[in-house]
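S.K.: Below are the chains, spelled out letter by letter.
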Amino acid sequence: MKNVTELTTQLAELFTDLKTGAVDVKVATEMNNTAGKIISAQKVLLEYAALTKTTPKIPFLK
Amino acid sequence: MTKVCTKCNETKPFELFNKKAGRKDGRASACRECSTAYSRACRANRSDEQRAKDYAYSGAWKAANPDLVRQHKRTAYHKHRERELENSKKWRDANKGWIQNYNAEYHAQNKDQIRERKRAWRIANPELRNQRERICYAANPEVRRKASKVWRDKNIDAVRQQANLRGKRYRETFADTYVNNKLRRGSRLKGVKMPPELIELKRAHLQIKRELKEKLA
Chain A
46 MKNVTELTTQ
56 LAELFTDLKT
66 GAVDVKVATE
76 MNNTAGKIIS
86 AQKVLLEYAA
96 LTKTTPKIPF
106 LK
Chain B
2 MTKVCTKCNE
12 TKPFELFNKK
22 AGRKDGRASA
32 CRECSTAYSR
42 ACRANRSDEQ
52 RAKDYAYSGA
62 WKAANPDLVR
72 QHKRTAYHKH
82 RERELENSKK
92 WRDANKGWIQ
102 NYNAEYHAQN
112 KDQIRERKRA
122 WRIANPELRN
132 QRERICYAAN
142 PEVRRKASKV
152 WRDKNIDAVR
162 QQANLRGKRY
172 RETFADTYVN
182 NKLRRGSRLK
192 GVKMPPELIE
202 LKRAHLQIKR
212 ELKEKLA
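Chains as they are written, first to last, in this note's numbering: chain A, 46 to 107; chain B, 2 to 218.
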């Protein structure tokens, strides 16, 4: 998992597995929480770019 | 086959004479052109008394045969559609004031009926209505914006209800607006355009979150 597209794909798979019961709820919760942390980190980077009025250069979002 | 007209004394084809059952050859003695001219002249020269009598007779016949009248009108209209349209336009242009007054009077007298009819049409044709609204808005954005503001100020409850329904729909379908708002919450990202990839990621995250909530409930 190196960028946002890959993470989205993984989350989509996790969602399908969760629906079919192929993955444990606890595992899914932890994975989703981690994804939430990553999203928050990207938000901080975007916020920083907005405050410094620079163009955001975030490798993860490319 | 030809025949000589008794009015203009011209020799014309047989078909240019009107049919007349009592005649030996089954055709009138005067040609169609002369017959028409003669009829027109007679109609123009008739006395007021005769004119009134004719109108009364014609009116009575029309009243007695409404279906036939409708059929004749329809046939004539389709036969001379272009001419009818042109005449209609000419009449409308010449009687603009009268039409406006008539319409205003009609609207004033049938306000509820018209409103109900329009409402029924809107419900039956939502897509067409939206399309027309968009065209109208594009043509007069300022006027429409003002009218919309006046309506919103008058119907605050309806506006709130609509907004709630819209919000509910956005929540249920994970619409971009909903996800965007969730992303911006608690940050200083007002006015910053969010990358679409991040919106997609957040959407997946929220979907799983909701599913987990349902499973744990």
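Be aware that one or more of the hints could be misleading.
Unchecked claim - Label pairs and their in silico Cβ distance ranges:
(1) A:GLU51 with B:GLN163: 38 to 46 Å
(2) A:VAL70 with B:ASP177: 24 to 32 Å
(3) A:LYS64 with B:ASP177: 19 to 27 Å
(4) A:VAL70 with B:ILE115: 32 to 40 Å
(5) B:ASN104 with A:LEU96: 39 to 47 Å
None of these hints come from the bench; they were simulated from the model.
No residue lacks a Cβ here, since even glycine has one placed at the ideal position from N, Cα and C.
S.K.: Run every hint past the structure and note whether it holds.
M.R.: Evaluation of the provided hints:
1. A:GLU51 with B:GLN163: 38 to 46 Å: Given a distance of about 40 Å, which is inside 38 to 46 Å, the answer is holds.
2. A:VAL70 with B:ASP177: 24 to 32 Å: Taking Cβ atoms as reference, VAL70 (chain A) and ASP177 (chain B) lie about 28 Å apart, which means the hint holds.
3. A:LYS64 with B:ASP177: 19 to 27 Å: The hint (19 to 27 Å, Cβ to Cβ) holds, given that LYS64 (chain A) and ASP177 (chain B) are roughly 23 Å apart.
4. A:VAL70 with B:ILE115: 32 to 40 Å: Violated, since VAL70 (chain A) and ILE115 (chain B) (Cβ atoms, about 59 Å apart) do not stay within the stated range.
5. B:ASN104 with A:LEU96: 39 to 47 Å: 60 Å Cβ-Cβ, so the 39 to 47 Å window is violated.
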